[in-house]
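Chains as they are written, first to last, in the numbering used here: chain D, 1 to 453; chain A, 454 to 906.
Hints may contain errors.
Once the Cα atoms are required to be at most 30 Å apart in a straight line, the calculated DSSO-like pairs of lysine-lysine come out as [as the list claims (entries may be wrong)]:
#1 K427(D) with K293(D)
#2 K32(D) with K866(A)
#3 K866(A) with K81(D)
#4 K81(D) with K746(A)
Listed below are several chain D residues computed to face chain A (Cβ distance under 7 Å; list not exhaustive) [to be verified]:
#5 D20
#6 Y22
#7 V228
#8 T322
The hints are simulated quantities; they were obtained by calculation from the structure and are not laboratory data. Note that the coordinates shown come from a computational prediction; the quantities given were computed from them, not determined experimentally. Think of the CB as a built atom: it goes at the ideal place given N, C-alpha and C, for glycine as much as any other residue.
Number of protein chains: 2
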Amino acid sequence: MESNTRFLKRHIDIGPLFTDLYELTMAAAYIKSHLNERATFSLFIRGFPHRRNYYVAAGLEDVLLELQNLSFSASDLAFLKSTGYFDDQFLTYLKDFRFSGDIHAVPEGTVFFAEEPILEVSAPLIEAQVIETFLLNTIGFQTLIATKAARCIHAARGRTLIDFSLRRTQGIDAGMKVARSTYLTGFAATSNVLAGKVYGIPISGTMAHSFVQAFPNEQAAFRAYAAVFPEKSVFLIDTYDTLEGARQAVRVAKEMRTDGAALIGIRLDSGDMVRQSRQVRRILDQAGLSDVKIFASSGFDEYSLARTIDQGAAIDAFGVGTKVGVSADAPYVDIVYKLVRYADRNVRKLSPGKQTLAGQKQVYRVLDSDGRYKADFIGIRHEDPQPGVPVLISVMQNGRILGELPSLDSITKVFRNNFENLKEQFKKLDNARAYPVHITAQLAELQNLTKMP
Amino acid sequence: MESNTRFLKRHIDIGPLFTDLYELTMAAAYIKSHLNERATFSLFIRGFPHRRNYYVAAGLEDVLLELQNLSFSASDLAFLKSTGYFDDQFLTYLKDFRFSGDIHAVPEGTVFFAEEPILEVSAPLIEAQVIETFLLNTIGFQTLIATKAARCIHAARGRTLIDFSLRRTQGIDAGMKVARSTYLTGFAATSNVLAGKVYGIPISGTMAHSFVQAFPNEQAAFRAYAAVFPEKSVFLIDTYDTLEGARQAVRVAKEMRTDGAALIGIRLDSGDMVRQSRQVRRILDQAGLSDVKIFASSGFDEYSLARTIDQGAAIDAFGVGTKVGVSADAPYVDIVYKLVRYADRNVRKLSPGKQTLAGQKQVYRVLDSDGRYKADFIGIRHEDPQPGVPVLISVMQNGRILGELPSLDSITKVFRNNFENLKEQFKKLDNARAYPVHITAQLAELQNLTKMP
Chain D
1 MESNTRFLKR
11 HIDIGPLFTD
21 LYELTMAAAY
31 IKSHLNERAT
41 FSLFIRGFPH
51 RRNYYVAAGL
61 EDVLLELQNL
71 SFSASDLAFL
81 KSTGYFDDQF
91 LTYLKDFRFS
101 GDIHAVPEGT
111 VFFAEEPILE
121 VSAPLIEAQV
131 IETFLLNTIG
141 FQTLIATKAA
151 RCIHAARGRT
161 LIDFSLRRTQ
171 GIDAGMKVAR
181 STYLTGFAAT
191 SNVLAGKVYG
201 IPISGTMAHS
211 FVQAFPNEQA
221 AFRAYAAVFP
231 EKSVFLIDTY
241 DTLEGARQAV
251 RVAKEMRTDG
261 AALIGIRLDS
271 GDMVRQSRQV
281 RRILDQAGLS
291 DVKIFASSGF
301 DEYSLARTID
311 QGAAIDAFGV
321 GTKVGVSADA
331 PYVDIVYKLV
341 RYADRNVRKL
351 SPGKQTLAGQ
361 KQVYRVLDSD
371 GRYKADFIGI
381 RHEDPQPGVP
391 VLISVMQNGR
401 ILGELPSLDS
411 ITKVFRNNFE
421 NLKEQFKKLD
431 NARAYPVHIT
441 AQLAELQNLT
451 KMP
Chain A
454 MESNTRFLKR
464 HIDIGPLFTD
474 LYELTMAAAY
484 IKSHLNERAT
494 FSLFIRGFPH
504 RRNYYVAAGL
514 EDVLLELQNL
524 SFSASDLAFL
534 KSTGYFDDQF
544 LTYLKDFRFS
554 GDIHAVPEGT
564 VFFAEEPILE
574 VSAPLIEAQV
584 IETFLLNTIG
594 FQTLIATKAA
604 RCIHAARGRT
614 LIDFSLRRTQ
624 GIDAGMKVAR
634 STYLTGFAAT
644 SNVLAGKVYG
654 IPISGTMAHS
664 FVQAFPNEQA
674 AFRAYAAVFP
684 EKSVFLIDTY
694 DTLEGARQAV
704 RVAKEMRTDG
714 AALIGIRLDS
724 GDMVRQSRQV
734 RRILDQAGLS
744 DVKIFASSGF
754 DEYSLARTID
764 QGAAIDAFGV
774 GTKVGVSADA
784 PYVDIVYKLV
794 RYADRNVRKL
804 SPGKQTLAGQ
814 KQVYRVLDSD
824 GRYKADFIGI
834 RHEDPQPGVP
844 VLISVMQNGR
854 ILGELPSLDS
864 ITKVFRNNFE
874 NLKEQFKKLD
884 NARAYPVHIT
894 AQLAELQNLT
904 KMP
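Pulled out of the complex, with its shape left as it was, chain D reads as follows:
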């Protein structure tokens, strides 16, 4: 697909200079020290932020596509030379740089927990090091949003959710990734047209207050819209007075019916959603328009979704925006990428509060007899016997992606399956029980064996 390629070039294949300077200065020192043996880095999230109890993995596709094509352009090298940091020996090394490593990772859409490795890179030390910043940024952000979105899906109890966040995401790339990360958890659509084009996500939209204002009155605005979108109209009814707006919508909806068209819904965007939605539902029902749906948008997140539904709002679909698009109550995760093995030696870090587990690892998930998740074990990569189902799989070997990248819809299925198997007690918005994550005896033993310098 031409368009897709163009988008990837613009937004994902951003090149190896999207990195912290120290990744490159360390690489230069490694070259000089002839220190470039095989290393393994482990990527995981420390702890849970505010009220979180699980994570949903996202971002792997971007990582794999970028790594498979990573190289320094002539202008990248010219810039690096101009900084005065790097000598010609190192720049020559970078000229031929390619990522040739192996990656194990949890598939996108997988539910996982704090401290569990979700991606491990094994490669010559320098290759594994210089990709750190990009990996953390990409996996961290998309996982953050997929997690927030999953909480909304849970709170919405089957009601339709639509991503309306584009105007308030933290930049252009974020706007694209929020559309993708929310869709993979079960959002039905996005308002982001470019995400429709690039990712094939269904797009959805209504009208703005400015549209209503541009006409002499609401009725004229609704009629004009219905004339162009006889089967796709949702009228915004709160520009002046919501209940009066509902009555105007009813009038136009009846005209539409006469013309063989059908109003899809009306939208509320301000005020008391519970009370107004019920009043508007009554107006619609009394007019014989019980098939006209009520859309609502107004700063929703998982908490207000749950509350609004609990209080009996007559809302069929929610436009979910800003607070989900930036994960407002927890706008970052403490995602880290740590050296766990170098030159056949397992290594760990002992800085206060920042300890790491040495060694190449695997997460093993223990299932109940009905397939639901009981507990996870963080173990060494090849335990025998395995204490559960391995969660990380091999996704890249020698710098090449293994197999086909999963489609977005198949990722959505992975998520749905995972989420169904996570019991309610671990998903609750409040007072959720901590999901049990243990360390296997073999991994614990390996920590004791790990020599300190």
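Fit chain A to the supplied structure of chain D, relying on the hints for placement.
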């Protein structure tokens, strides 16, 4: 500059599909209704989030570059056709679409306040409407970060700040814009190498714990680094034990001195920053290394910067990361774009809690005799006599950028000048006084004259 153009293509010239669907469906309805007279939209931020008391404008450069080149590609049009929303008449209109409007805006780096218009677009209704999402996203995010960064600059009281946020920003574009938005408020450098290349921002970096771990011991790691960067080394000393790390650094620093080199500094990245920095300072001073600086990084934001400095930390430079890169305590602003005039008629919206001021506006700033800011007046665009210095200027006419875009360094000067003229009482992190913003009699009068539909 080739590299710059390439970057803009990748990250800024993202095209008109980066928009909410409703911008395009409304446009289609306007076309059908022959409703495309001149409109003015006003962009402003409602209120202040948590603890904010002022804003710093950023993002205008991206807006102007994008608007000057906005057009629908053949593949954009093919995609829109495939959605089934749009007929050929509208697609033909889009084929020749260009932005031909006028823009008034506050220059980047300007300090401004809630409710003040900071950008006004006057153009045929459709042109002004379809750019809404992009404008809000771009100005909103960069202003959010510049504001957070300004608070850090204020809290740091002259100490050096460096942007270390790249690994935790909300996506790729955010990583670039955070480097730019923090630099324009006075950050000294960024760790983001691509921002160095694209924006010419100084780049800075030290080393990671993994670097120290890849060597048999700290001394070997420090020596190897110093051999490659004899004039640019900052040693990370907390991988195992901070004070012992400091002593190892001293040993290598003395060797460097013998070789005619000089250690720039050491970095602390964990633990009690106040206590450790003072202990390390003592170790360095006692070794005759009082010129070696202490860098610190560990989740800093304006609050912890102020606290750490208040408590007497011996820290010369701070690496500021995640919490600033996502504006963690307030990760979005309530930025809106409202129709205020259409076809020579001033318009306003009356939805509960979402009222707008009709008419084309200007912000007038009243200065003290010493040039410091006393109060602002939101007025109509051309008041006579002017109640103060106009803050918005004309930046685009008939779709063309007026004059040269200011350099990033000149934007930094605009900010510095603005920030100096904002009195301390309005800048304090806690209990800051609300800066007085009034509405002029002429603007108030215009509201009364504005006919409701």
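Going down the list of hints, with the structure as the test:
1. Distance check on the hinted pair: K427(D) and K293(D) sit about 29 Å apart at the alpha-carbon level, within 30 Å; holds.
2. Distance restraint check for K32(D) and K866(A): the Cα-Cα separation of roughly 41 Å exceeds the 30 Å cut-off, and the hinted pair is therefore not satisfied.
3. Proposed proximity of K866(A) and K81(D) is supported: the alpha carbons are some 29 Å apart, at most 30 Å.
4. For the proposed pair K81(D) and K746(A), the alpha carbon gap of about 26 Å is at most 30 Å, so the pair holds.
5. Because the beta carbon of D20(D) sits about 4 Å from the nearest beta carbon in chain A, less than 7 Å, this interface hint is met.
6. Taking 7 Å as the C-beta contact cut-off toward chain A, the hint placing Y22(D) at the interface holds, the least distance being around 4 Å.
7. Residue-level restraint check for V228(D) holds (minimum Cβ-Cβ distance to chain A is 5 Å; threshold 7 Å).
8. Because the smallest distance between the Cβ of T322(D) and any Cβ of chain A comes to about 5 Å, under 7 Å, the interface hint for this residue holds.
Hint violations for this structure: number 2 only, all remaining hints satisfied.
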